[in-house]
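As a plain string of letters, each chain reads:
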Amino acid sequence: MRVFVCLGNVPDTTTKVKFTENNSVFDNTGVQWVINPWDELALTRAMELKEDSGSSVEKVTVITVGTKSAEPTIRKALAIGADDAIRINAEPTDAYDVAAKLAGVLKNEDIGFVMCGIESCDYNGSAVGGMLSEFLNLPSVSSVSGIEVKGEKVSVSRTIDGGKEIISIDTPFVAIVQKGISIEPRIPAMRGIMMARKKPLNVVEVPDTEVLTSHKSFELPQPKPPCKIVNPENVKELFDLLQNEAKVL
Amino acid sequence: MEKSKQITGGEFIVKETEAKDIFIPEEFDEEQNMIAQTCRDFLETEVFPNLDRIDQQEDGLMPEILTKAGELGLLGISLPEKYDGFEQSFVTSMLAGDVMGAAYSFAVAYSCHTGIGTLPILYYGNDEQKGKYIPKLASGEWKGAYALTEPNAGSDANAGKTNAVLSDDGKHYLLNGQKMWITNSGFADVITVFAKIDNDRVLSAFIVERNFPGIVFNPEEKKMGIKGSSTRQLFFNDCKVPVENLLGNRGQGFRIALNILHMGRIKLGGNVLGAAKHAINQSVQYANERKQFKMLIGSFGSIKHKLAEQVIKNFTTESAVYRASYNVDQYVEQSLEVMIKEKATIDAYAQLAVEAAILKVAGSEALDYIVDENVQIHGGMGYSAELDVDRGYRDSRINRIFEGTNEINKILVVDTVLKRGAKGYFDLFGEAEKAYKNLVSLSGTPELEDDFYAEKKRIIGNFRKIALFLIHATSEKFQRKLMYEQEILNNIADIIILLYVSESSLLRVEKLENIKDAEQIKVYKDIIDVFIYDASGRISKFAKDAIYSFAEGEIKDMLVKGTNYYTLVSGVNTKEARRRIADKLIDDNKYNF
Chain A
202 MRVFVCLGNV
212 PDTTTKVKFT
222 ENNSVFDNTG
232 VQWVINPWDE
242 LALTRAMELK
252 EDSGSSVEKV
262 TVITVGTKSA
272 EPTIRKALAI
282 GADDAIRINA
292 EPTDAYDVAA
302 KLAGVLKNED
312 IGFVMCGIES
322 CDYNGSAVGG
332 MLSEFLNLPS
342 VSSVSGIEVK
352 GEKVSVSRTI
362 DGGKEIISID
372 TPFVAIVQKG
382 ISIEPRIPAM
392 RGIMMARKKP
402 LNVVEVPDTE
412 VLTSHKSFEL
422 PQPKPPCKIV
432 NPENVKELFD
442 LLQNEAKVL
Chain B
25 MEKSKQITGG
35 EFIVKETEAK
45 DIFIPEEFDE
55 EQNMIAQTCR
65 DFLETEVFPN
75 LDRIDQQEDG
85 LMPEILTKAG
95 ELGLLGISLP
105 EKYDGFEQSF
115 VTSMLAGDVM
125 GAAYSFAVAY
135 SCHTGIGTLP
145 ILYYGNDEQK
155 GKYIPKLASG
165 EWKGAYALTE
175 PNAGSDANAG
185 KTNAVLSDDG
195 KHYLLNGQKM
205 WITNSGFADV
215 ITVFAKIDND
225 RVLSAFIVER
235 NFPGIVFNPE
245 EKKMGIKGSS
255 TRQLFFNDCK
265 VPVENLLGNR
275 GQGFRIALNI
285 LHMGRIKLGG
295 NVLGAAKHAI
305 NQSVQYANER
315 KQFKMLIGSF
325 GSIKHKLAEQ
335 VIKNFTTESA
345 VYRASYNVDQ
355 YVEQSLEVMI
365 KEKATIDAYA
375 QLAVEAAILK
385 VAGSEALDYI
395 VDENVQIHGG
405 MGYSAELDVD
415 RGYRDSRINR
425 IFEGTNEINK
435 ILVVDTVLKR
445 GAKGYFDLFG
455 EAEKAYKNLV
465 SLSGTPELED
475 DFYAEKKRII
485 GNFRKIALFL
495 IHATSEKFQR
505 KLMYEQEILN
515 NIADIIILLY
525 VSESSLLRVE
535 KLENIKDAEQ
545 IKVYKDIIDV
555 FIYDASGRIS
565 KFAKDAIYSF
575 AEGEIKDMLV
585 KGTNYYTLVS
595 GVNTKEARRR
605 IADKLIDDNK
615 YNF
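Sequence order for the protein chains is A and B.
Under the working numbering, the first residue of the first sequence is numbered 202, with each subsequent residue one higher.
Under the working numbering, the first residue of the second sequence is numbered 25, with each subsequent residue one higher.
Read the hints as simulated data drawn from the structure, not as lab findings.
Backbone N, C-alpha and C fix where the C-beta goes; we use that ideal spot for every residue, glycine too.
Hints may contain errors.
To be verified - A few chain B residues facing chain A, derived, Cβ under 7 Å:
(1) Met-58
(2) Phe-66
(3) Leu-96
(4) Gly-97
(5) Phe-110
(6) Glu-357
(7) Gln-358
(8) Glu-361
Go ahead and model the full structure; you've got the sequences and the hints to work with.
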């Protein structure tokens, strides 16, 4: 079976966030782009499943909506081990747009299952996976923290309050994955990096989606006030500060 | 790679280079950047969480981490595909070394294994030797080391007493002697060992496996820094080395050792960059967090001065390192028609011996400055062993000592330039005489250029003239005895180093004009402004120190006058320039130049 992993191309998490045009556009000058961490974990699990001789996963394809500038991120996924890649040639605007475009390509593919990170680390919308399954008219499971494939049988596990549930599910479906799906992302090895340039990276065009949202403005959080240190013996002062200044008691 | 001009090492002393002819780090391609990122990810997961354990030399840890690097292919980046490597360019291997340089003791183990531990066999081994050892070294299954130094043969490597004699049955060499300061010796499986066969005047090299009978490894040395790097003495007591393990020809060892040292010096230039960037990041992140007098210390001019100077030193060294590294690739490319790649590569190192020595000295001095100011910016916390700042400070110090001390390397800079001149690699003595004779015609003050780059090139041209007229004057004065005037040679070497680093940095920024926009380029021009202004002052001092040490009367006056004329530069508001450089660093909260 073929597994599709949706990749988000996001700013490195140490990026200093700045905006232009009256705080309505993210300033991407000098930004280093990386694979969205949740998607990277999904890719790692997909690779493990492909390498597992007991699983029927035979091919892992990464798919992303992005311009040519997203290709280094896609090629990193190929270096990690994905067999091929699809880049939908468009600047992603919002979750609806991304989901619609992904579905526009995936609806024509023979899908085992699709993996999406639960959210992206830039806009944290947590919406693409759910919308994608709707567009594809496929079932979806959210907050997936484990996927097992034994032959053709697939089961997913979810962390629930105080425990874990395991669900068996028919393919095809959309798995919206969170941390725990794999331990840590893989580091591309030299061999993978060398092979990445030889693997197919198909660029496709899909029709524009209706634009439903636009950014009015962004606000950066207030800078943290300086830390106050209270002498351990001075419990009264601590209570006083928590009650009257921080107003948390 | 485009067909490039013939590379002649050391030629910069007589000839300008154009920006289009140098490689700059901003030109790394996507694959190279990915390799660098893999190295960074590797350090984050395998090295940085284990720094204390590494420095405590926890049993088996260092070889285990090297093995993991091997699994990722990071030990075979530049090795031929035939031997399970990835056959990447020299520049790419330098980039990997640059990133790995941040890894404290691991950086030394990595550099030793991939450099002096592996490459002598690749360059000088026969097919059987290469086939037997290189794949295992590339994968990390075996670890490599290199044993040249002896108690009485450090800088004077050929003075080694370790001896090899053929066994009665002619099947083995029996090695006897002692080696010291052998990096990776605690776990290395394969060691290139230098010894003299019978009563030979010169060294030969041998591939020695750890389990050959007759080798004793002393306990680990206690060191100031790089405490996690394994360093031991080796004793050979009738150590039986099969005759087929002679590396290269009998008597070729000293040549092997010298060429491997040239390579090691360029590589050291790359390693110190990673360590420097790591220290600068620590500095700026602390300056962006630590408050005194209710202000972040990064807002104080004194701290900005230090931060800017750290950036300038790293940026300028880096410019020189990648310029020379790319020259290695160019030289190899040009030589492939007439020789095999291994021979071409070793020839390239020898060709770039002057640049290699420059990178070694400039790089290690830059790093020592940067880690020292890193401690200072951290104040008491820098002196504390709680952060890794003290570790970086201690670990840096060895760079001025190993791969040939900086003192040896400075003399090598001048000595090699002179020898190249004598052999006709370039017209050194003609140009030097011209620069000297031109001194009498100097009068008034020099005309300044309006254009930024033209003006800086004029100044750098003047640095070149100073180096040249000093070479002429000292060669005339001392003839063959010049080599005994080490203090003067040091002065001339310092000038040549500043010439090469200044020119490399300026050409890099000129080339950056095509990559960065007008706003972005300003801070790079600030770096050049400060560095070249500073270099003029230092060159003036070095030149006069030299002149007052040998010249007299009218000649002395003429040389001093020439120095003054050629080091006259427009004033630079270094305070504001440094503040702008520091502000970018502070704003980015990491080294991002």
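Ascending list of hint numbers which this structure does not respect = Hint check: 6, 7 and 8 fail, others pass.
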